[in-house]
Amino acid sequence: MDDQKIAYSILELAIVSQGETIKQTLNNALALAKEAEANNYKRIWFAEHHNSDNIGSSATSILIGYVAENTSSIRVGSGGIMLPNHSPLIVAEQFGTLAHLYPDRIDLGLGRAPGTDSQTAQAIRSDFMKAAQSFPEEVAKIQRYFSLENKNSNVRAAIAEGTDVPLYILGSSTDSAHLAAKKGLPYAFASHFASTYLLEALKIYHQEFQPSEFLNQPYTIAGVNVYVADTDEEAEMMFTSLIRMFVGVLTGARDPLHPPTEMTEDLKALLKHPSLHQMLKYSFVGSKETVKKQIKAFFDQTHVNELIAVSTMYNLNDRLKSAKLFAEIMTEIN
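Numbering of the sequence shown is given in this note's numbering, commencing with residue 71 and proceeding in unit increments.
Since no wrong hints were added, every one of them can be taken at face value.
Calculated pairs, DSBU-like style, for lysine-lysine (alpha carbon to alpha carbon, straight line, at most 35 angstroms):
| no. | residue 1 | residue 2 |
| --- | --- | --- |
| 1 | K273 | K366 |
| 2 | K338 | K104 |
| 3 | K93 | K104 |
| 4 | K363 | K394 |
| 5 | K394 | K338 |
| 6 | K394 | K273 |
| 7 | K104 | K391 |
| 8 | K252 | K75 |
| 9 | K338 | K93 |
Computed spacing ranges between beta-carbons, pair by pair:
| no. | residue 1 | residue 2 | range |
| --- | --- | --- | --- |
| 10 | S217 | G89 | 43 to 53 angstroms |
| 11 | N387 | Q280 | 37 to 47 angstroms |
| 12 | T321 | S142 | 33 to 43 angstroms |
| 13 | E283 | E207 | 14 to 24 angstroms |
Just so you know, these hints were derived from the structure itself, not from any lab.
Only a predicted model underlies this, so the values are computations on that prediction, with no experimental measurement involved.
Backbone N, C-alpha and C define an ideal beta-carbon position, used for all residues, glycine too.
Take these sequences, add in the hints, and give me the full structure.
This is the structure in structure tokens:
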């Protein structure tokens with residue numbers, strides 16, 4: 071490792087555990103945010119997913135407001151707003167409003183995926199495909215609505231103009247790397263479920279990066295799955311819930327998160343399946359010492375500026391403890 075300090079953050083999907091209500095799930099997300107704030111996490115971002123029984127993070131901007139209102143210093147944002155689902159004007163107004171309510175704390179991460187199936191995407195926005203294909207132009211609209219120069223335009227998001235809401239380009243392929251580099255924006259890669267193009271995308275972003283008024287040098291964030299417990303065995307047990315969830319993703323099941331079980335030979339065999347291995351490649355599971363070694367190796371390979379951790383666990387107390395232990399790991403590494 072070099073001398074660079076690595077920031078650490080949380081990406082939250084508000085996964086619904088078996089036997090849990092949506093309200094409990096959202097309250098748990100707030101509890102996690104408070105734990106993150108107490109342990110010096112840089113930010114907590116909320117994803118956007120639709121038409122899913124087991125994910126509570128659908129109305130992302132509302133969830134951001136709820137968490138920002140009940141915390142005091144941690145940055146809160148979207149990881150991300152799937153822009154083809156939305157009018158750029160409305161997004162600018164929503165996040166401009168949040169920026170006035172919670173100054174210097176709101177992030178706007180933008181992605182181009184639907185966060186759902188094609189039929190639901192069509193129901194959300196009838197011109198979804200057109201918007202997805204013109205993602206760079208949609209991002210440019212967002213930037214324009216936030217700029218003071220837009221105040222003389224006939225179409226304005228007045229509440230957003232001049233507010234400090236950093237934009238981040240999110241992606242899981244190389245397309246997003248080209249765009250983030252061209253615009254001189256920070257870049258977050260979804261390697262917590264899409265590992266294939268991580269290294270190539272990071273290379274493209276660094277090679278093509280053009281300094282901008284927002285950023286004078288590249289800034290990269292990588293998503294990783296993090297499960298830290300007192301022992302490797304405890305962490306592996308908590309990880310079994312995620313394995314089953316990803317099997318559900320591959321098979322079309324949308325069940326609530328299952329409680330953890332022993333890490334059986336069958337589950338270990340599943341992890342070797344090409345699709346599942348690709349999705350869960352960057353999963354750091356174990357005791358503090360085990361995960362610390364994994365994090366160091368990952369950083370030596372990627373040299374990212376920030377890790378954003380996803381910890382989909384059945385039990386809230388396990389999540390809070392894992393978040394605390396991960397913060398201790400990052401403090402020791404830094």
